[in-house]
Amino acid sequence: MVVTTLRFSLRMGAMAGEASASPSTSTCKPSRQEIAETLQRLHDDTRTRQQQEAARREAQQERTRSLVRLMQLDSRDCAKVALHAASATHYNERAAVAGQIRALETRYQKEKKALAAIHDKYGLARE
Numbered sequence: 093m094v095v096t097t098l099r100f101s102l103r104m105g106a107m108a109g110e111a112s113a114s115p116s117t118s119t120c121k122p123s124r125q126e127i128a129e130t131l132q133r134l135h136d137d138t139r140t141r142q143q144q145e146a147a148r149r150e151a152q153q154e155r156t157r158s159l160v161r162l163m164q165l166d167s168r169d170c171a172k173v174a175l176h177a178a179s180a181t182h183y184n185e186r187a188a189v190a191g192q193i194r195a196l197e198t199r200y201q202k203e204k205k206a207l208a209a210i211h212d213k214y215g216l217a218r219e
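Numbering-wise (our numbering), the sequence shown opens with residue 93 and increments by one.
No lab work stands behind these hints: they were computed from the structure.
A portion of the hints provided could be inaccurate.
Stated by the list, open to error - Quick list of simulated restraints, FRET-style, between CB atoms:
1) 164 with 125: 51 to 59 Å
2) 188 with 209: 45 to 53 Å
3) 158 with 125: 43 to 51 Å
4) 181 with 147: 30 to 38 Å
5) 171 with 208: 31 to 39 Å
6) 167 with 189: 32 to 40 Å
7) 168 with 147: 29 to 37 Å
8) 168 with 204: 47 to 55 Å
9) 152 with 187: 33 to 41 Å
Ideal placement from N, C-alpha and C gives every residue a C-beta, glycine not left out.
Kindly generate the complete structure, drawing on both the sequences and the hints.
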């Protein structure tokens, strides 16, 4: 497209009486050097755009990797919290059972002492 625009502007310049000093422009054909410069500029522009696009993609991938790492950390934290909650529940259940056992043991000892004080029909105390 740039080459076409260059040709068009060269033709328009020749039509308007703006003849250049070089014989190649007077025939409305761009010189090889002009074509090479135009192509080089186009290649440079393309290369620059590709590098910018590659940098943009790399930045996007880095943001995605960071987000994935954050989600994994969040998942691990969630799993740790769930494990801790389950452990705490289990510990509380064990503590409640241990409390019930102590209460039953205390009651048993009281009943045992109370029964030891009662004499049997032979007059002997139970031991």
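Quick rundown of the hints versus the structure:
1. 164 with 125: 51 to 59 Å: Taking Cβ atoms as reference, residue 164 and residue 125 lie about 58 Å apart, which means the hint holds.
2. 188 with 209: 45 to 53 Å: Cβ of residue 188 to Cβ of residue 209: about 32 Å, so the range 45 to 53 Å is violated.
3. 158 with 125: 43 to 51 Å: 49 Å Cβ-Cβ, so the 43 to 51 Å window holds.
4. 181 with 147: 30 to 38 Å: violated, 51 Å
5. 171 with 208: 31 to 39 Å: violated, 55 Å
6. 167 with 189: 32 to 40 Å: Holds, at about 33 Å.
7. 168 with 147: 29 to 37 Å: Check passed, 32 Å falls within 29 to 37 Å.
8. 168 with 204: 47 to 55 Å: holds, 53 Å
9. 152 with 187: 33 to 41 Å: At roughly 52 Å between Cβ atoms, residue 187 and residue 152 fall outside 33 to 41 Å, so the hint is violated.
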